[in-house]
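Peer 1: Take the sequences, apply the hints, and build the full model.
Here my numbering is used: the first residue of the sequence shown is 40, the next is one more, and so on.
Certain hints may be false.
[Claimed, not checked] Cross-link-like lysine-lysine pairs, in silico, DSBU-like; alpha carbons within 35 Å at most:
| hint | residue 1 | residue 2 |
| --- | --- | --- |
| 1 | K115 | K204 |
| 2 | K112 | K200 |
| 3 | K189 | K96 |
| 4 | K200 | K101 |
| 5 | K189 | K115 |
| 6 | K200 | K115 |
| 7 | K96 | K112 |
| 8 | K189 | K204 |
| 9 | K101 | K204 |
| 10 | K204 | K112 |
| 11 | K96 | K200 |
| 12 | K112 | K189 |
| 13 | K189 | K101 |
| 14 | K96 | K204 |
| 15 | K189 | K200 |
[Stated by the list, open to error] Computed beta-carbon distance windows for the label pairs:
| hint | residue 1 | residue 2 | range |
| --- | --- | --- | --- |
| 16 | G181 | T153 | 29 to 39 Å |
| 17 | K101 | A79 | 36 to 46 Å |
| 18 | G100 | A159 | 34 to 44 Å |
| 19 | A79 | G100 | 31 to 41 Å |
| 20 | P206 | D168 | 17 to 27 Å |
| 21 | G161 | G100 | 32 to 42 Å |
Calculated from the structure, these hints are not laboratory results. Glycine is no exception: its CB is placed at the ideal position from the N, C-alpha and C atoms.
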Amino acid sequence: MNTKEQRPKGRLKRGLMKALAIVTAPAVGVVLMAGPASAAPLCNYTADYNACITISKTSSGKYLLHLGIDMRKLSKQEAQTIINASRYVFQAELWGSDGGGVLDDFQAYMPVQTRMWAPAEGGLSAEFDSYPSASALNEDPGGGDELYAKIIFTDPRTGAKRTFKTPEFFGFF
Numbered sequence: 040m041n042t043k044e045q046r047p048k049g050r051l052k053r054g055l056m057k058a059l060a061i062v063t064a065p066a067v068g069v070v071l072m073a074g075p076a077s078a079a080p081l082c083n084y085t086a087d088y089n090a091c092i093t094i095s096k097t098s099s100g101k102y103l104l105h106l107g108i109d110m111r112k113l114s115k116q117e118a119q120t121i122i123n124a125s126r127y128v129f130q131a132e133l134w135g136s137d138g139g140g141v142l143d144d145f146q147a148y149m150p151v152q153t154r155m156w157a158p159a160e161g162g163l164s165a166e167f168d169s170y171p172s173a174s175a176l177n178e179d180p181g182g183g184d185e186l187y188a189k190i191i192f193t194d195p196r197t198g199a200k201r202t203f204k205t206p207e208f209f210g211f212f
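Peer 2: Set out below in structure tokens:
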């Protein structure tokens with residue numbers, strides 16, 4: 040066998056491997072450089088409500104935990120009545136998901152809502168912000184962390200409570 044005939048095949052193979060490495064390197068770099076928890080909001084969209092969670096790293100090394108709720112089945116007048124009756128109709132709790140129900144771990148209470156408003160099209164909306172440390176978000180030491188929030192609404196007109204759950208957010212904290 041002539042060695043000159045094998046060289047072009049080897050060169051072609053090496054050239055293809057280099058091209059593949061050049062094409063895939065940026066994608067691998069983006070995945071490796073992404074922070075442990077920097078994502079778009081994760082939301083539950085239903086006919087009755089939207090409940091969203093976002094966790095993103097701040098320049099201080101802490102995290103911004105942002106929750107949002109949109110209750111759809113209220114008129115603008117009902118929503119404004121609720122806002123006028125009490126400023127603190129929402130509470131929020133952070134939970135670690137470990138299989139559901141009694142297996143899940145309570146992590147923390149969230150501060151009262153950052154703001155609450157009645158959108159022009161009706162409904163009632165609120166947002167919550169908190170700045171927990173990575174250790175506060177680390178619900179499964181040594182593994183990935185699955186976090187979700189429960190947003191509890193207490194209707195000041197009736198005293199009735201309703202709980203809304205966000206989707207699970209996964210990250211390494």
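Peer 1: All hints, please: hold or fail.
Peer 2: Hint check:
1. K115 x K204: Holds - the C-alpha atoms of K204 and K115 are around 23 Å apart, at most 35 Å.
2. K112 x K200: holds (15 Å)
3. K189 x K96: holds (21 Å)
4. K200 x K101: holds (32 Å)
5. K189 x K115: Within the cut-off at roughly 24 Å; holds.
6. K200 x K115: holds (20 Å)
7. K96 x K112: holds (34 Å)
8. K189 x K204: holds (5 Å)
9. K101 x K204: Roughly 24 Å separates the two Cα atoms, so the pair holds.
10. K204 x K112: holds (17 Å)
11. K96 x K200: Distance of about 32 Å is within 35 Å: holds.
12. K112 x K189: Holds - the C-alpha atoms of K189 and K112 are around 19 Å apart, at most 35 Å.
13. K189 x K101: Holds, because 22 Å separates the two Cα atoms, which is no more than 35 Å.
14. K96 x K204: holds (22 Å)
15. K189 x K200: Holds, at roughly 12 Å.
16. G181 x T153: 29 to 39 Å: holds (33 Å)
17. K101 x A79: 36 to 46 Å: violated (20 Å)
18. G100 x A159: 34 to 44 Å: Hint holds: Cβ distance 39 Å, inside 34 to 44 Å.
19. A79 x G100: 31 to 41 Å: Hint violated: Cβ distance 22 Å, outside 31 to 41 Å.
20. P206 x D168: 17 to 27 Å: With Cβ atoms ~18 Å apart, the hint holds.
21. G161 x G100: 32 to 42 Å: holds (41 Å)
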